[in-house]
Amino acid sequence: MVLKDVIQRRRLPSESRLLLRDFDWDSAPLVLVSASDVSAVLRSFIDATIASDFVEDWAEVLESREDVHFDPVAKNAVYILANPALEGELDVELARKLLSELHPQAKR
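Residues 2 to 109 in this note's numbering are what the sequence shown lists, from first letter to last.
These are calculated hints, taken from the structure and not from any lab test.
You can trust all of the hints, since none of them are fake.
Capping the alpha-carbon separation at 30 Å, the derived lysine-lysine pairs in DSSO-like fashion look like this: (1) Lys76 - Lys98; (2) Lys5 - Lys98; (3) Lys5 - Lys76.
Label pairs and their computed distance ranges (CB to CB): (4) Arg97 - Asp54: 17 to 25 Å; (5) Leu31 - Arg97: 28 to 36 Å; (6) Gln106 - Ser65: 28 to 36 Å; (7) Arg18 - Ser101: 28 to 36 Å.
Note that the structure is predicted; figures quoted are calculated from it, not measured.
Glycine included, C-beta positions come from ideal geometry on N, C-alpha and C.
Kindly produce the complete structure, drawing on both the sequences and the hints.
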């Protein structure tokens, strides 16, 4: 399923965007984005295996669809990542802050 491929980064966001054009965006939720899904993206960014542009595109694809359901903390993080003009550009400091919000019980 294309939406799961987006969440798990098995496709580029630009490719996913093209494939998803053919699907209704406002159907009932089909997939769940968890805190762990967002954390995996943030860790890849911190490890410099993906760039901030990729993270923004990834978040934009997911945020714009009503057929994607989010854990509450994941929803907030995806909003922040998809809107750097409003929320600030992604850098390592912001990524770490979001990780701590996604997993507040984790040891620091």
